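**Student:** So the sequences go chain by chain: A and B. Mapping the first sequence onto UniProt numbering, position 157 (from 1) lands on 157, and the numbers just tick up by one. Mapping the second sequence onto UniProt numbering, position 77 (from 1) lands on 77, and the numbers just tick up by one.
Source of the hints: derived by calculation from the structure; they are not laboratory data. Watch out, some of these pointers could steer you wrong.
What the hints assert, rightly or not - A short, non-exhaustive set of chain B residues, derived as facing chain A with CB atoms under 8 Å:
#, residue
1, 56
2, 57
3, 159
4, 163
5, 176
6, 180
7, 181
8, 183
9, 263
Here the structure is a predicted model, which means the values were calculated and not measured. Don't be surprised by glycine CBs; every beta carbon is placed ideally from N, CA and C.
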Amino acid sequence: MTILRAQGVTKRYGGLLALSEVDVAIEENEFVALIGPNGAGKSTLLNVLTGLTPPTAGTIELGGRSITKASTHARIRAGLGRTFQHGRLFDRLSVLENVMVGAANRPGRSEAQLESAARTSLERMGLGHLAPSRISSLSYGNRRMVELTRALAGEPRILLLDEPAAGLNSGEVEDLMTRLRAIRSEHRLAVVLIEHNMGMVMRLAERIVVLNFGRKIAEGTPAAVQADPAVLEAYLGAGSSYAAD
Amino acid sequence: MADLIQLLTNGLALGSVYALAAIGFVIVYSATGVVNFAAGQFVMLGTFAGVAMLLNAGLPMPVGYAAALIAMALFGALFYLVVYLPLRTSPVVTVIIGTVAIGITLQNAALLTFGSWPFRLPSPFEGMMIEVAGAVVSVHALAVVATTAVMIFLLWLLLHRTAIGIAMRAVAQDVKAARLMGLRVQWLLAFSWILGAVLAGVAGLMLGPMWFADVNMGDPIALKAFAATVIGGFGSLPGAIAGGLFVGLAEVLGASYISSAYKDLIAFGIMILFLLVRPQGIFGEPIQDRG
C-alpha cells in the first residue's frame, strides 16, 4: 500500500523552478533514497512534503488522505517524521526533554507519559545513559543519533532523513546504517533518505529517486539507477565524484 | 539597622513587582521574538483591572483578584488575536511598533475610562505592620515578596515539569524545529501571551497598594522592567528575577541614602554600565539569532 504520494509537485520561487512536476510514491515499509546534485530540489521537496513550504502546484497524500493543505503539525500527527540537514536539537533542553518534545506530537499526553515514551526510545537506540545530558556536552555523532531518536519518538509511519550521515566519520556511518536497518525491522516504517554518501545509499536503499534541476530524471533499483545514462550525465556534468564511489 | 531592614523589605517588594513584569516580558520575548513595548501598560492594566473589580464592582477580595486575573488572561488572548496574529508574518520590527501603538492606545483608553485622578487600590493587608528585628515593616510588602516567590516556583514547575512547558521552551528556541515535532506552535504562542499578561496582572495588583493607581504608571514600570532584563541578561528568566530585585533595591536604597531625585538615575546608570561592560547581563548568553 502506498503511504505517501506526491503528484505533479511544482515549486516556483519567482523565476526559479525549484521543483517541476515531481511524482513520488513511497510504499509502506519501503526504503527509498532521494539523490541528486546540490540544488537539485531534494530539501525543497522535503519542505513541501512536511508543509514548511506550500507547493505552487501538485497534490500530496498521506495514507490515502490529502494533506496538500494541511498544517505541519497535522502532517506530523498523521505520521510524518523528519530530521534536519543541520542538526536542530533544542540546545537549552536536556537530551531527555528533546526526545520528549518528539513524542509530544500525540495530543493530550502528560509529562509522565512523554517521559516514559522518551526513555523507551532512548533505551531502544542504546542512548539511555545520555538522558540527563546537556546537548552541548554530546559528540557530533551522538547529536545526530539523538535527533534520529527524537524523530522516532513520534512513532512516524514514514521517516524523512535529510543527510543524516553528513559530518560523521566512517565508523559512525557504519553504526548509523546498522541502526537504520534495525529501526526498520523493529518499527515497520518507510524511510526516505536524502544522502550524498553514495556507498550508504547503494547499500541501504531498495529504490532510488534521482532529482536534477527540480525534475525527476530517474527512478529504480540501485543497479538500474547506477547504469542510467541520464544520472551519469547529471553527476559527471556537475563535477561530482559519483563514478569513483 | 531598623531603617535598613525596612528599606530592604520595601526594595525587595518593589523589586518583586519589577521582576514579575520583567518575567512576563521575557516569556513573550523568548517565545515570539517580540520586544513588547506595551509591557508596562499590561501592568497598569492589571492594576486597573483590580480597581474595576474591587472598587467599581465592589467584589470581595479573593473573587475580585480572580476576576481581575481572568480579565488579564482574556486580554492576553485578545492581544494575541488582534495584534500578534495579523502581524506574525510581518518583520518583527513591525510587530514591535505595533506594541508601541497598542501601549499608547491602552494608556489613553484607561484615561478615558478611569480619568486622570489616581485611585487607591486596597491591599488585603491594609495598614497592617509587623515588627521584624526591631524594624516595623508593612505586611503587604512581605506578602508581595512571598507571592512573587510562589509565582516563580509555579512558573518553574510549569516550564520544567509539564508537557506544555517543555513544548514552550522548545518553541522559544526553534520555532521551525518545534513545528516539525508536531507541536501546535500557534497555540503555544497564544499561551505565552496569556501567561505574560497574567504575570503582568499579578504585578499590577501587587503594585496598586504600593503606588497610586495612575493611568500613567505604565511607562516607568516598563523602563524599570526593561532595565531589569538588561542587567539580568536579555531573554533570561533567572536574569529577569535578579535584575528586577536589583533595580527595586537600587531604587529604594538610592532614594534613601543618596537622593530621591536621583533614584531613577541610579537604576538606569547601572543599566548603562552593564551595557558598556557586560552587555549580556548577569545570566545572559550573548544574543544570537533565532532559528
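**Student:** Find the hints from earlier in the document that the structure breaks and name them by number, from lowest to highest.
**Tutor:** Of the numbered hints, 1, 2, 3, 9 do not hold.
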